[in-house]
Amino acid sequence: DAKTTQPPSMDCAEGRAANLLCNHSTISGNEYVYWYRQIHSQGPQYIIHGLKNNETNEMASLIITEDRKSSTLILPHATLRDTAVYYCIVRGDNNNDMRFGAGTRLTVKP
Amino acid sequence: ETGVTQTPRHLVMGMTNKKSLKCEQHLGHNAMYWYKQSAKKPLELMFVYNFKEQTENNSVPSRFSPECPNSSHLFLHLHTLQPEDSALYLCASSQGGQNDQPQHFGDGTRLSIL
Numbered sequence: 001d002a003k004t005t006q007p008p009s010m011d012c013a014e015g016r017a018a019n020l021l022c023n024h025s026t027i028s029g030n031e032y033v034y035w036y037r038q039i040h041s042q043g044p045q046y047i048i049h050g051l052k053n054n055e056t057n058e059m060a061s062l063i064i065t066e067d068r069k070s071s072t073l074i075l076p077h078a079t080l081r082d083t084a085v086y087y088c089i090v091r092g093d094n095n096n097d098m099r100f101g102a103g104t105r106l107t108v109k110p
Numbered sequence: 001e002t003g004v005t006q007t008p009r010h011l012v013m014g015m016t017n018k019k020s021l022k023c024e025q026h027l028g029h030n031a032m033y034w035y036k037q038s039a040k041k042p043l044e045l046m047f048v049y050n051f052k053e054q055t056e057n058n059s060v061p062s063r064f065s066p067e068c069p070n071s072s073h074l075f076l077h078l079h080t081l082q083p084e085d086s087a088l089y090l091c092a093s094s095q096g097g098q099n100d101q102p103q104h105f106g107d108g109t110r111l112s113i114l
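Line order of the protein sequences matches chains L and R.
The working numbering puts the first residue of the first sequence at 1, with every later residue one more than the last.
The working numbering puts the first residue of the second sequence at 1, with every later residue one more than the last.
These are calculated hints, taken from the structure and not from any lab test.
Quick reminder that beta carbons are idealized off the backbone N, C-alpha and C, glycines included.
Treat the hints loosely; a few may be bogus.
[What the hints assert, rightly or not] Now the in silico label distances, taken between C-beta atoms and shown as ranges: (1) R:S65 x L:I63: 19 to 27 Å; (2) R:T7 x L:T65: 17 to 25 Å; (3) L:E66 x R:S112: 44 to 52 Å; (4) L:S28 x R:M15: 25 to 33 Å; (5) L:Q42 x R:H77: 22 to 30 Å.
[Claimed, not checked] In the BS3-like style, the derived pairs of lysine-lysine whose C-alpha atoms are separated by at most 27 Å in a straight line are: (6) L:K3 x R:K41; (7) L:K3 x R:K40; (8) R:K19 x R:K40.
Taking the hints into account, I'd like the entire structure generated from these sequences.
Below, the structure is given as structure tokens:
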């Protein structure tokens, strides 16, 4: 029961902003949007999460549309180390299961 | 460094062996999780522990046996595994099981069954 859809891949030039899109049109009012990334041979790395408001931390910004049906993760100045698979996850109450889909493979190029 | 340490990072074992995977978290969390990540498949939640008590077991075969002696440590005991059990086993922890608390993952144990 995929609750999110993401483009399978995208490229970004080093130093430019990377904008990763996620559609979650069936999201419920109490469900959070999470973003993780996974670099080869490592575990998933938590990036950011939000409910309704836009969020920013030292890694990224999360923009959630007013209707909450989609969100965008922004890496403001992508580096080669940001090359990874990025996962958008919708997580509801009492839901321990982080349901990772196929994600978006971001390739940052010099 | 995520604050969640898994050992060993790699493990090769025969189908008749018994081994254990270890996870330790240094984040002061009280919930811990085991996930399985097979090639080309999404993460599969296996077990959940809250305050050392198992709260979820997602129909995992009995050849996988978890143990949570305290809130900082989690083990996965393995015995009589099958080739299809070869995968990356990930441990995660969080502050409670609420959906506004992110789970933080270790780098996993890459398990190969001969």
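Tested hints:
no.: 1; hint: R:S65 x L:I63: 19 to 27 Å; verdict: 44 Å, violated
no.: 2; hint: R:T7 x L:T65: 17 to 25 Å; verdict: 42 Å, violated
no.: 3; hint: L:E66 x R:S112: 44 to 52 Å; verdict: 48 Å, holds
no.: 4; hint: L:S28 x R:M15: 25 to 33 Å; verdict: 43 Å, violated
no.: 5; hint: L:Q42 x R:H77: 22 to 30 Å; verdict: 24 Å, holds
no.: 6; hint: L:K3 x R:K41; verdict: 16 Å, holds
no.: 7; hint: L:K3 x R:K40; verdict: 18 Å, holds
no.: 8; hint: R:K19 x R:K40; verdict: 25 Å, holds
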